[in-house]
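Under full-length UniProt numbering, read the sequence shown as residues 1 to 328, first letter to last.
Quick caveat, the hints were computed from the structure, so don't treat them as lab data. Any given hint might turn out to be false.
Listed below are the simulated EDC-like cross-link pairs for lysine to aspartate or glutamate, each with C-alpha atoms no more than 16 Å apart in a straight line [said to hold, decoys possible]:
1. LYS165 with GLU222
2. LYS165 with ASP86
3. LYS293 with ASP237
4. LYS293 with GLU263
5. LYS165 with ASP221
6. LYS326 with ASP37
7. LYS165 with GLU178
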Amino acid sequence: MSATSMDDLLHPPTTPYDSGFLDTGDGNRIYYEQLGDPGGKPALYVHGGPGAGAPRRATRAWDPARYRVIRYDQRNCGRSTPHASDPAADMALNTTQHLVDDMERLREHLGIERWLLDGASWGSTLILAYAQQHPERVSEIVIQAVTTTRRAETDWLYHRVGAFKPEAWDRFRAAVPEHDWDGDVYALLAAYARRMEHPDRAVRAAAADAWLAWEDAVISDEPNGVPGMYGDREADDRIAFVRICAHFFSRGAWLAEDQLLREAHRLAGIPGVLVHGRYDMGSPVQTAWELAKAWPDARLHIFDDSGHIGGEAMRRTVLEALEEFKLR
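Produce the complete structure using the sequences and hints provided.
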């Protein structure tokens, strides 16, 4: 399939044929939509962030004659309610386990036996957490920009990669002046989390601006980097994104250290495709390498022309995986 052009791998634009809200029973409502063939192979797209929300544009990645694709917005973001830009939204009801349970609840609601899971960045962390708890419900996994949200990864993204961008990192650290930096990245992120709970929207917005400026600085100079990718969102979505990110990352996403690598044996028998840019400044390739060694059924592809976003070769490999798995 290597000689196949990108145009050959892309499908006609597909838009939702169905959408709705899933009531979680604790005051949250999860927005979801379905695209493609209602009788096709079920596949769930798991967005990143956390808090980025699912894409709203038509998709060309999935064969609409073969796949039944579900996209959804995780708790408190996108079109799910309550939205994290609302100070009244209870963040105590948004943890990794809540999100795993929401995925399983959505599967049951839609009457799906097993589904393919596809996602990137934070989406890969959530996919791994779900698949390790519910391996019998997963047919295949395709993940890009592999993360497990262990402490070393968080420390890298929000501290140590600052060695490459010291001026940008100093601005990121200085945006929470009440925090006396002592080298503990979780404490720094907790200071941001407190700012994002401040009753004054202007305080929350300023903290969100600083956080997003840092995230943009990390990836902007990568191969295929996209300047402004994180910051280019509506005001409410900026606040929600950072509130959720700080809430999760300051607490290690409620995962035990190295949990998703130590428990990778639970993925035995699930075919996986891992794609990662060698020059991913936000998510070093070491994690993808370690996961592939712990998960024999996964195939790892590393791309020298890519960072966190990925170039054409990286996107091609994802599309090829979706083409391969639609026939299983």
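A quick look at each hint next to the structure:
1. LYS165 with GLU222: holds, 12 Å
2. LYS165 with ASP86: violated, 32 Å
3. LYS293 with ASP237: It is violated: about 37 Å lies between the C-alpha atoms, which goes past 16 Å.
4. LYS293 with GLU263: holds, 12 Å
5. LYS165 with ASP221: Roughly 10 Å separates the two Cα atoms, so the pair holds.
6. LYS326 with ASP37: holds, 12 Å
7. LYS165 with GLU178: violated, 22 Å
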